[in-house]
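Take these sequences, add in the hints, and give me the full structure.
Given next are the chains, with one letter for each unit.
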Amino acid sequence: MIYLPGSGILHRLHPLTKLAAALLIVVAASMFPSPPLLLGALALLLLLALAAGVARRLLPIMVSMFLPLIASLFLIQGVLFPPANATTLVALGPVRLTIEGLAFAGLIAGRLLVTGIALLLTLLTTHPADLVVGLGSIGLPRSAGYVLLVALQLVPDMVARAGAILEAQQSRGLEVGRGLARLRALPALVGPLLVGALSDVEERAMAIEARGFLSPGPKTSLRTLQDDAVQRAARLLFVLGVVAVVVLRVWMLRANP
Amino acid sequence: MSIIQLRNLAFTYQDAPQPALRDVTVQIERGELLALIGRAGAGKTTFCTLLAGFMPQFFSGQLQGSAFVDGLDVLATPIGQVARSVGLVSANPAAQISGARFTVFEEIAFGLENIGLPPAEIVERVTWALGALDIAELRERSPYALSGGQQQRLAIAAALALRPPVLVLDEPIAQLDPRAARELAQLLRSLAAGGTTIVIAEHRLKWVTALADRTLALERGRVIANGTPAEALAALAALPAPQPARLAAVQTQPNPFPALQPIVQAEAISYRYPSGVAALQDITFSVSAGERIAMLGRNGAGKSTLVRHLNGLLPPASGRVLVAGNDTRRTSVAGCARHVGLVFQDVRNQLFARSVREELRFGPRMLRRSAAEVELLVDSALDTLGLRELAGEHPYDLPPATRRLVAIAAVLAMAPPLLVLDEPTSGLDTLGVTRLIELCLQRASQGVSTLLVTHDLDFARQAAARVIVLDQGRLALDSSWDTLDANERAQLAATVGLPVG
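Order-wise, the sequence lines are chains A and B. Quick note: the first sequence uses this note's numbering, first residue 1, plus one each step. Quick note: the second sequence uses this note's numbering, first residue 1001, plus one each step.
None of these hints come from the bench; they were simulated from the model. There could be a bad hint or two in this list.
[Unchecked claim] Which chain B residues stay away from chain A? Per the calculated CB distances, all over 10 Å, these: (1) Y1013; (2) G1065; (3) R1357; (4) A1410; (5) D1482.
[As the list claims (entries may be wrong)] Result set (SDA-like, lysine to any residue): computed pairs, CA atoms no more than 25 Å apart in a straight line: (6) K219(A) to Q1081(B); (7) K219(A) to E1121(B); (8) K219(A) to V1123(B); (9) K219(A) to E1124(B); (10) K219(A) to S1142(B); (11) K219(A) to F1058(B); (12) K219(A) to Q153(A).
Note that beta-carbon positions come from the ideal geometry of N, C-alpha and C, so glycine has one too.
Printed below as a string of structure tokens:
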């Protein structure tokens, strides 16, 4: 789970407010990818991350997720396949570093970073259960919300079970050493993992039905989301902003095709 | 009018060769506490699931007769509606976690949200249920990060919070320590006094029959007794054993440890969890050839942690463990497995082969036995636990109780001088438990040892000669059942309780 508990400004916002703001930033950055706009958005997002107290967690995730991607982007666009008629900055034999190639790579990297940070900031500061409650209030079906939350916990659950299986089979003399031995060990490890997961599905379906998951009538939620008139207005503005950005872009494309 | 009315009820699962319930006619009154007993496969779980409305909507099959619970025709009412009248706690607590909640508190609230209670009442009811099951200190923990006993209490708390007029519990104390089981009995008694109707299916016959107002015995889906515990127990005892608990006389392995050297020696071992909590402190004991040992202790006393030290799965933080004279820190787990065979509680983590025979071959093959030796060991293990006729079956086609015996046989086939069984009686009926007791006695007579980690005091008394008690990570008692003095008896009573015998 990526969520980092806290009580900063972003943590206190309604999940939908954060989602709407993130959507606006992402749409604006992809419709109008100009360097000043992208740099401005990045600066704003980083300031928000600092204010929310999640910058320390955000940066390592960004580095591990985006650094390889961005590095290969600069290599491909900037060095190996520059745009036609590009101005050479440095040439080393057949390899040319071009200004246009670097600029193009920079724009794509900027968009990626803005999108990634905007979404990560939302996830880092929103408890997944709150996110599902928020999405439920605008029409996400309860079953879809349930599946979303189960999927989030599936990975730690499977990791714990894999550990228990490894213990059980080692206790039966299974060597989990190197090379071929490791390959031979696979059925004894994967078999119980699959069977366990499958048989759990039926039992869990029974358990949630026995606890009224499909019970008729209105449902309630223990989680109550903080909301106010200002946030509702802000959300409306953000959504209108998204529409405006899209309309503006389409109009500009028509005006100068 | 009776709150539960079953009339000539019969149910056959889709594609099953024979009915799971036959001609069941039973009435249960409001506030009555009914014990449901019977051998493995007698139909107890089907009975419980049917009361909660799962037939035929969830489990399809052929139905006859009628079933009314709290005024609802449970054979025709949607499960979601029956759920408001009947709370069901099934036998596997880990699989009952909703998976969509992050703390114990929210997990208990899950059902209450589903029936649309206002948040203030949810908080009040969850708080009550946490207290009733004595798990208030776990409220902020993840449901996944609990022990089996804690998960079992969580599952019961989650059902209780719904305050159903009818509560159905399938093997509720399988993973509870004796004290928790006694506390649960008191709680159920007071709920029944308050008007809740309670049905409990359980193999721990003494616990459940002492608790219940009435005992119902099932055999092959039929009611064979309906009245006092004595009548029901007599009806069960009169049943012919389907397969004789025949024990193999052949022992293929001579004992490699003639009394000189202990099989396992734990010398002043201590262990801390990664969280820093002390799990074991300064524990010293050894296991010699031909011993029968029961290890007792409350949920969370450190039993599972200690057992994992006996074959090197966990290295001690200080002190050392010697297996056949070798320090476990310098021996692989697979190397230790030659001497110490360990069977864990959740057998699903172990079984993977297509047939019982193939499953049993795995261990001895890993120990590089010759093909001929493997077959001898497998046959001997199959006979010892009465599984010969099932050798060709797929382990997952067998009922859970038989599957547990298969898991034990699979480690037994490795002919380990010390066999360690973690909660082996969970889900076993009297016949299965008798087989385990005979297994321990037979092994002792052949000079090989067995260590049983269990909450079942009567089983511990009958199967073991020596008793070890862990209390909060320390060795509180290490003695023989026959030589317990007054102090030791008091110690035992204070930590886990005393067996009836």
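Hints, one by one, checked against the model:
no.: 1; hint: Y1013; result: 13 Å, holds
no.: 2; hint: G1065; result: 22 Å, holds
no.: 3; hint: R1357; result: 15 Å, holds
no.: 4; hint: A1410; result: 7 Å, violated
no.: 5; hint: D1482; result: 31 Å, holds
no.: 6; hint: K219(A) to Q1081(B); result: 14 Å, holds
no.: 7; hint: K219(A) to E1121(B); result: 13 Å, holds
no.: 8; hint: K219(A) to V1123(B); result: 15 Å, holds
no.: 9; hint: K219(A) to E1124(B); result: 17 Å, holds
no.: 10; hint: K219(A) to S1142(B); result: 23 Å, holds
no.: 11; hint: K219(A) to F1058(B); result: 23 Å, holds
no.: 12; hint: K219(A) to Q153(A); result: 23 Å, holds
Hint 4 from the list above is the single one not met by this structure.
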